[in-house]
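Novice: Sequence:
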Amino acid sequence: MIASVVALGELAMSSSPKDKIKFFEEITPKDKLPPNYFYYKSLLEKKHLSGKEIIAKKRLVKILNNFWSEFRKSGFELADGVNLEGFVTAFEAGYLNFYQFKDINNDNIGKSMINEFVEYIFELIKSVESYPLLDDFASELIKAGILEGKINIASIDKTRSKHIGLVTNLFQRLPIFELADVKELIDIRAELNQYLSRFRSGIMKYSNDISSETWDEDFKKASEEIFYKDIEPTLIDIEDAIKSNKYLIKLTDRYSSSPQQFAVPVVSVALTNFSNIPDLISLAFGGASIVANIYDVFNKWKEEFNKIKQNQLFFYYELKRKL
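Residue numbers (my numbering): 107 to 429.
Calculated directly from the structure, the hints in this document are not laboratory data.
Please note that a few of the clues may not be correct.
What the hints assert, rightly or not - In silico SDA-like links for lysine to any residue, alpha-carbon gap of 20 Å or less:
1) K311 / I332
2) K136 / L247
3) K335 / S317
4) K164 / L139
5) K311 / K415
6) K158 / I169
Stated by the list, open to error - Quick list of simulated restraints, FRET-style, between CB atoms:
7) E159 / D287: 52 to 58 Å
8) A296 / S175: 39 to 45 Å
9) A250 / E198: 34 to 40 Å
10) E254 / K124: 25 to 31 Å
11) E176 / S317: 46 to 52 Å
Since we're looking at a predicted model, the values are computed, not measured.
Note that the Cβ used here is the ideal one computed from N, Cα and C, for glycine as well.
With the sequences and hints as input, model every part of the structure.
Specialist: This is the structure we're talking about:
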């Protein structure tokens, strides 16, 4: 979309006053148009102008030029603020696709781009190969298309649509993704991929309890109820289970003369790769000798943690914790 903003700004700056005002109308809601807007617009069509009208017309042209100049500038500022290196990394890893709008040169560019965007999102929703997360803007466009009859509801897999809607609601509760580096997001994705299938299974179970469709007014409320009734308590249970893993506590009690000085927080150890645990324990005890049967206790701890990871919402719990 940033590229589209830049392209529209470039196109408007090189257009006639009539086209500039046409583009302006395409991206501005009617209730947001300036006072006396249509009077000023009529001056562009009028052939014989009075002295006051000539001044007013020049003022309108100046306002339009300033507006599109600022619009164009904002597009480049947005592009400048983007982590382009991160985009390249994501693209090379196969996690990012670029979409080029097909028609930006027609007389109704704003409407054309919106229609093409809605059509693209709708195709993603119908596809069995993707589970798109839609922001509020995209969701409202899809909803409007359905209500206006422009989108064929019969072609939508309604069960799958509910999955997408519920996951979108859950992900909106996560810390802001923009604060994470792209490479960090890729690393998180790779690390949590093993839990994704169980998470999807859980989402299927929860979304089946929602009777409304994703485009209905009460879908968001139903998603909220699912979260507070089923999902949030499960997340708390996962965290409590990790913190109270008795075998890790038993390990610290057995081998440390001063458990309160344990150098690595229990939860941090519990969420570390299993292969690193012996080294962390050795470090925590200040280099003290660890007897051979430490692995017996450790393996029991690992069994407990493996049970925790079987939870269908462990993926969501870890994603929330890492972000």
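Novice: Decide, hint by hint, whether the structure agrees.
Specialist: A quick look at each hint next to the structure:
With a C-alpha separation of about 11 Å, the suggested pairing of K311 with I332 holds against the 20 Å cut-off. About 17 Å separates the Cα atoms of K136 and L247, which keeps this hinted pair within 20 Å; it holds. Annotation: proposed proximity of K335 to S317 holds, straight-line Cα distance about 16 Å (limit 20 Å). Proximity of K164 to L139 is assessed by CA-CA distance (about 18 Å); at most 20 Å being required, the pair is judged to hold.
Pair hint K311 plus K415 holds up; C-alpha atoms about 18 Å apart against a cutoff of 20 Å. For the hint pairing K158 with I169, the CA-to-CA distance comes to about 16 Å; that is within 20 Å, so the pair holds. Against the hinted window of 52 to 58 Å, the Cβ-Cβ separation of E159 and D287 comes to about 55 Å, which satisfies the hint. Evaluation of the 39 to 45 Å hint for A296 and S175 yields a pass: the beta carbon distance comes to about 44 Å.
Between A250 and E198 the CB atoms are about 36 Å apart, so this pair conforms to the stated range of 34 to 40 Å. At about 29 Å, the CB distance of E254 to K124 agrees with the hint of 25 to 31 Å. The hint said 46 to 52 Å for the Cβ distance between E176 and S317, and at roughly 47 Å that hint holds.
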